[in-house]
Amino acid sequence: MISALQWVRRGAAQARPDKYDLDEKEFKRINDYTAQHLADAKEELDAAKKAERVANGMEVETIKETNPELSEYNLDDYDEEKPEGQEATIFSNLKGLTYYTSNREDPYITLRDEEDEDEEDVLIQPTDNLLLAAKTEDDISHLEVYLYDESEENEGNMYVHHDIMLPAFPLCLEWLDFRVGRKSSMQTPGNYVAVGTFDPEIEIWDLDTIDNMYPDAVLGAQDKSKKKKGAKKSKKPNNEYHTDAVLALAWNKQHRNILASASADTTVKLWDLTTQQCAHSFSHHTDKVQALAWNPVESTAMATGSYDKTVVVFDSRAPDARATWKLQADVECLRWDPHDAQCFYVSTDDGMVQYFDARQSGAQPVFRLHAHDKAVSALDINTTVRGCIVTGSTDGSVKVWDVNENRPSMVTSRNVKSDIGQVFSVTFCPDAPFNLAMAGSAGKVNIWDIATNAGVRRAFEGRSTIVANRNAEKEKVVAMPSDDEPESEEEMDGADIDMDDVAESDFEEEESGEDV
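When we follow our numbering, the leftmost residue of the sequence shown carries the number 17, and every step to the right adds one.
Check each hint, because a few of them may be wrong.
No more than 35 Å apart at the CA atoms, straight line, and that leaves these computed lysine-lysine pairs for DSBU-like [as the list claims (entries may be wrong)]:
(1) Lys66 / Lys252
(2) Lys65 / Lys252
(3) Lys252 / Lys44
(4) Lys58 / Lys41
(5) Lys325 / Lys58
(6) Lys199 / Lys251
(7) Lys58 / Lys44
(8) Lys66 / Lys35
(9) Lys41 / Lys66
(10) Lys325 / Lys490
(11) Lys304 / Lys490
(12) Lys41 / Lys199
(13) Lys460 / Lys304
(14) Lys390 / Lys325
(15) Lys199 / Lys325
(16) Lys304 / Lys325
(17) Lys199 / Lys65
(18) Lys66 / Lys251
(19) Lys65 / Lys342
(20) Lys342 / Lys199
(21) Lys269 / Lys199
(22) Lys433 / Lys342
(23) Lys252 / Lys342
(24) Lys304 / Lys390
(25) Lys199 / Lys35
(26) Lys44 / Lys269
(27) Lys390 / Lys252
No lab work stands behind these hints: they were computed from the structure.
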């Protein structure tokens, strides 16, 4: 399955990505990083073995007690012993070995790698977009970095440029250009992705480096030296790091060193990327915090949505003064309106999308839209065309809506269940506003050019020159080919429902606003 998607705008990626370089400094960094995780893993294994013996009614005895003649070898503490003057880690025997990133660099190998012969495939053109997909397959999680070329001669070409192995099931992605880790001293903007998983730590990976072994930064890593040996990991929230899964991330584009995170431990945290420490922690929710977003105009204002069925808007400088809205279901997605920064959209697991005015705390929604019969698990707002929004659901459908003048109507709907499965993520491309990336439970990515849909062109032609100039007989959907099929552009039609003839009687006005 693919649990999250994230576009990278054109020109943000390095034209020719770097190859991973395991130098002396990097060796020391990952040596320290793995030593901490190995210590945790050993403690968990010992605790599990002990619990199993106790559950089976077996007494926990040491080797010294069961075999006194072996006591002189101190086998109980064998794993704790370290070679004199050396820290024992999985890389203990690696130091001193010569490492080459490719056979071309190794003077003893004259045959060229296949990957060296295909270096042109690694090149990223200024007109290329990168699309990031958090994918899990057969209990193995990784981040796939797709390269998408929209040029007419390629008719929409998409392939996996490179991928990154992840330690746990990924739940959310957030792109940022603030430099951290090995390249933090460089003055130019970077190309990074923050990944939230079922683990409480947030990993930040450099997308301009291929064959990365470890993240450039880890936010919320616990200090193992302060932890008592044998002590269990506490799920109790604190002000320093998350203690449960990270469900949502939001980078502040105005204050570029700030990253916000929402967690299943009920807290929202602000991270200073310069120090890689938690700067503030907020605990105004009583259940898992599923979504959060920075206001596009007021750079310190934030909205958060939770499984406690509330949405909260507050200024991160004065969090005690906040506005709260009570909903009827758990929050799935949350988006500020890029065309009216005082309002925001909320989707919930009962199939509803609601539009609120942030200036009216606790007030009824401006309009209420029954978008799907199941949870609205994906939502995005077109930043270029006013009133154009898209929803995706676990019912396997994606719908385009026109909400201009707060009177929503469905423009078109596509059933993608056979290809994508349950829809978990939909997102508009920042450079081509009608290219919509979609993914879900089937583990496939599709890019749908919604401007090639006749109903979309009729609905938005007066609000976009792109739509007005677009003329297509068939809809364009670009998909990754399966293993047994050649790469091709998939032309799909017949899956649309045009809603030009929706009667005005379909709208019911109430004091609280409008329902669809």
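If any of the earlier hints don't hold here, list their numbers in rising order.
5, 8, 9, 10, 11, 15, 17, 19, 20
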